[in-house]
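Number of protein chains: 2
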Amino acid sequence: MLNFEFKNPTKIHFGKGLIEKLTTEIPANAKVLMLYGGGSIMKNGIYEQVKSALKNFEVVEFGGIPANPEYAVLLKALDIIKTQNITYLLAVGGGSVIDGTKFLSSAALYTGTNPWDILEKGIRTDVGMPFGTVLTLPATGSEMNSGSVISRAETKQKFGIGGPGLFPQFSILDPTVISSIPANQIANGITDAFTHVLEQYMTYPIGANLQDRIAESIMQNLIEVAPVILNNPNDYNAQCEFMWSCTMALNGLIQKGVPTDWAVHAIGHELTALYGIDHARTLAIIAPSHYRYNFNAKKEKLAQYASRVWGINEGSIETKAHQAIDKTETFFHSLGIKTHLSEYTDNYKDASEFIHKNFTDRGMLGLGEHKNLTPDDVVKIVEMSY
Amino acid sequence: MLNFEFKNPTKIHFGKGLIEKLTTEIPANAKVLMLYGGGSIMKNGIYEQVKSALKNFEVVEFGGIPANPEYAVLLKALDIIKTQNITYLLAVGGGSVIDGTKFLSSAALYTGTNPWDILEKGIRTDVGMPFGTVLTLPATGSEMNSGSVISRAETKQKFGIGGPGLFPQFSILDPTVISSIPANQIANGITDAFTHVLEQYMTYPIGANLQDRIAESIMQNLIEVAPVILNNPNDYNAQCEFMWSCTMALNGLIQKGVPTDWAVHAIGHELTALYGIDHARTLAIIAPSHYRYNFNAKKEKLAQYASRVWGINEGSIETKAHQAIDKTETFFHSLGIKTHLSEYTDNYKDASEFIHKNFTDRGMLGLGEHKNLTPDDVVKIVEMSY
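Chains as they are written, first to last, in the working numbering: chain A, 1161 to 1546; chain B, 1161 to 1546.
Just so you know, the hints here were simulated from the structure itself, not pulled from any lab data. Warning: the hint list may mix true and false statements.
Identical copies look the same in the list; a pair holds intra-copy or inter-copy alike.
Said to hold, decoys possible - Simulated pairs of lysine-lysine, BS3-like, Cα-Cα distance not exceeding 27 Å:
| hint | residue 1 | residue 2 |
| --- | --- | --- |
| 1 | 1176 | 1531 |
| 2 | 1236 | 1517 |
| 3 | 1215 | 1167 |
| 4 | 1236 | 1316 |
| 5 | 1167 | 1181 |
| 6 | 1211 | 1167 |
Please take these sequences and the hints and turn them into a complete structure.
In structure tokens:
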């Protein structure tokens, strides 16, 4: 096992009917900026529950944060924070709203002249404006970690930021919100969380058996719950398993003491930037090709995954490893997620050159757990995914 | 899944050579009381490492905290804290030293007249004196939770305390400390951690599959690592697995959303109070009888445990459940841990009356996940363990 540091101070409230916890979690004298997305919370009753819980607070609202939270939109929220003396942020939404709120938490207290520097220079946030979240879409795990990904449409760029100041102070996870999520977004959430686990697991054996087993537990759980929740999004037990698995997939625990990959995300982000394909679907496009291209480096863990997650125990390491990749792709298909780029766009052949140029320009010359995947390797992975 | 609240703010430093992190984790102006036990840290090099890391701090030492940390001893440390204006506590030891330090953290800031009230009245600690730990004996999980058990020899009593103020600010987990731990204490640590998982798992199905799987992962890991670490306590990978499994067994995660039992601990504590038997060994004495006595209430989870942890897949639920209890007892035996009270003392027949009286006097009239085990039930469990 590798040396590691772990601290995750976010308080989780998990269960039915807990949105009213806002009343006591937000400091009594706070002036709150409530942030949300495209307005789905107006239709599913969450807006009313949040407003009711906040009735004794001074609250300003900022809606319209898009998927792949956009820098230009967030600057408008930052202006409100500064001009209206906001002291506390409340994200009510999924990963995009929460990630956007994290950027605002950082930017609100940033002492430099240009908040863009936080993104472009990757400035770590040690102290941000305090914020909490009400999660409405399980997927990214942002509700219990300190990472955030922000997009800038103008330049077709995505930047990741982080730092210990960006953990939510609290997150309210009410699984019943899943009842109103469309099936395609549930499928995205399952795919996103499953791939988060893969990125932290599908590398090489390092002798971190407990982390491996917990990672395998989360994947087994997602595989088990997927058909149940897609068939009946009102099944409370399935809602709980889906929601908690997504949080556990990226709250830092399973990445401690192990090598991590994240090449699938790096490449996937480019497909979202270029084509606007949903984040989770870009992961399902890239992951199978990535594992096939890097087969020799990953075959031991692929075989372990084959056995422990998929029950494939026959044959050589290579046989089991290949079957595991096939099973993963079939799993994505079972969710209604297509795994070839050409199924999403006719202009798919633009991808490899676009990504090669971007990675070269930005100095992303060594991806993956061995930091040895060059832009030329990435081109081959992307072309395998066509 | 049941509704739950989870927050664990302890920062973990895990790995080789990390004791020097003390230098930056303790506030620069702190006046530190360094607490330890019977002096094993003098022999294994940990004392020197800690002192070296603290060389720029004002440090007072307090050694001699015994196993089952004793109230009378801790009062002497409390006196030092108050008279010498200590501002930070550092526990260097195992669960007893850490639990004792937690009591001191609470008592140091307690505004009542008598610190005994904290124990007897079970006063929750919202804010304690800040403290960190250097773990020298994996077992109790105290290094990453907010619970503590304190003994008072005078009255043969044990009291549990807790509260959000009793999480360590940081804990340093250097697995190499295990090299110098005697085999019987390693065996105790494995047994203690394994039983912690059982107490949070061996109840009835509630549909919390991820917590179940993580609990099963910890138990599988302990079963796998036990013979390795007992055979070679210098095996670094095994040291890591053993240490991290003990921490994960009782850091709050697997008990969230599920019913918990803790009857084995409640009964076991009495055997320690009466006979001075090591805490972990009392758990191994009581657990098999407890599961046999409460077989019908627990048989579904026993059968799940049989299948997932021990690979027992043949036969009825009852057959698998019985085999799982036998396997558990055999596992304890494989560690050199005896599971009958008469193997520890000739006066074993005193136990049932002693415990019946204590539980009745203290109003402990309903133990277990259903809170329905009366003192008469407990007598039967204890007598089954003779």
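Structure-based check of all given hints:
1. Only between protomers do residue 1176 and residue 1531 lie at most 27 Å apart by alpha-carbon distance; the minimum there is 24 Å, versus 43 Å within a single protomer.
2. Taking the closest pair of Cα atoms, residue 1236 and residue 1517 never come within 27 Å of each other, the shortest separation being 31 Å inside a single copy and 69 Å across copies.
3. For the identical chains of this complex, residue 1215 and residue 1167 are inter-copy neighbours only, at 26 Å across copies versus 33 Å inside a copy, given an alpha-carbon limit of 27 Å.
4. Taking the shortest Cα distances, residue 1236 and residue 1316 sit within 27 Å of each other inside one copy (19 Å), while across copies they are farther apart (65 Å).
5. In the homo-oligomer, the alpha carbons of residue 1167 and residue 1181 lie at most 27 Å apart both inside one protomer (23 Å) and across protomers (14 Å), since each shortest distance falls under that limit.
6. Proximity of residue 1211 to residue 1167 under the C-alpha cut-off of 27 Å is restricted to the inter-copy arrangement: shortest distance 25 Å between copies versus 32 Å within a copy.
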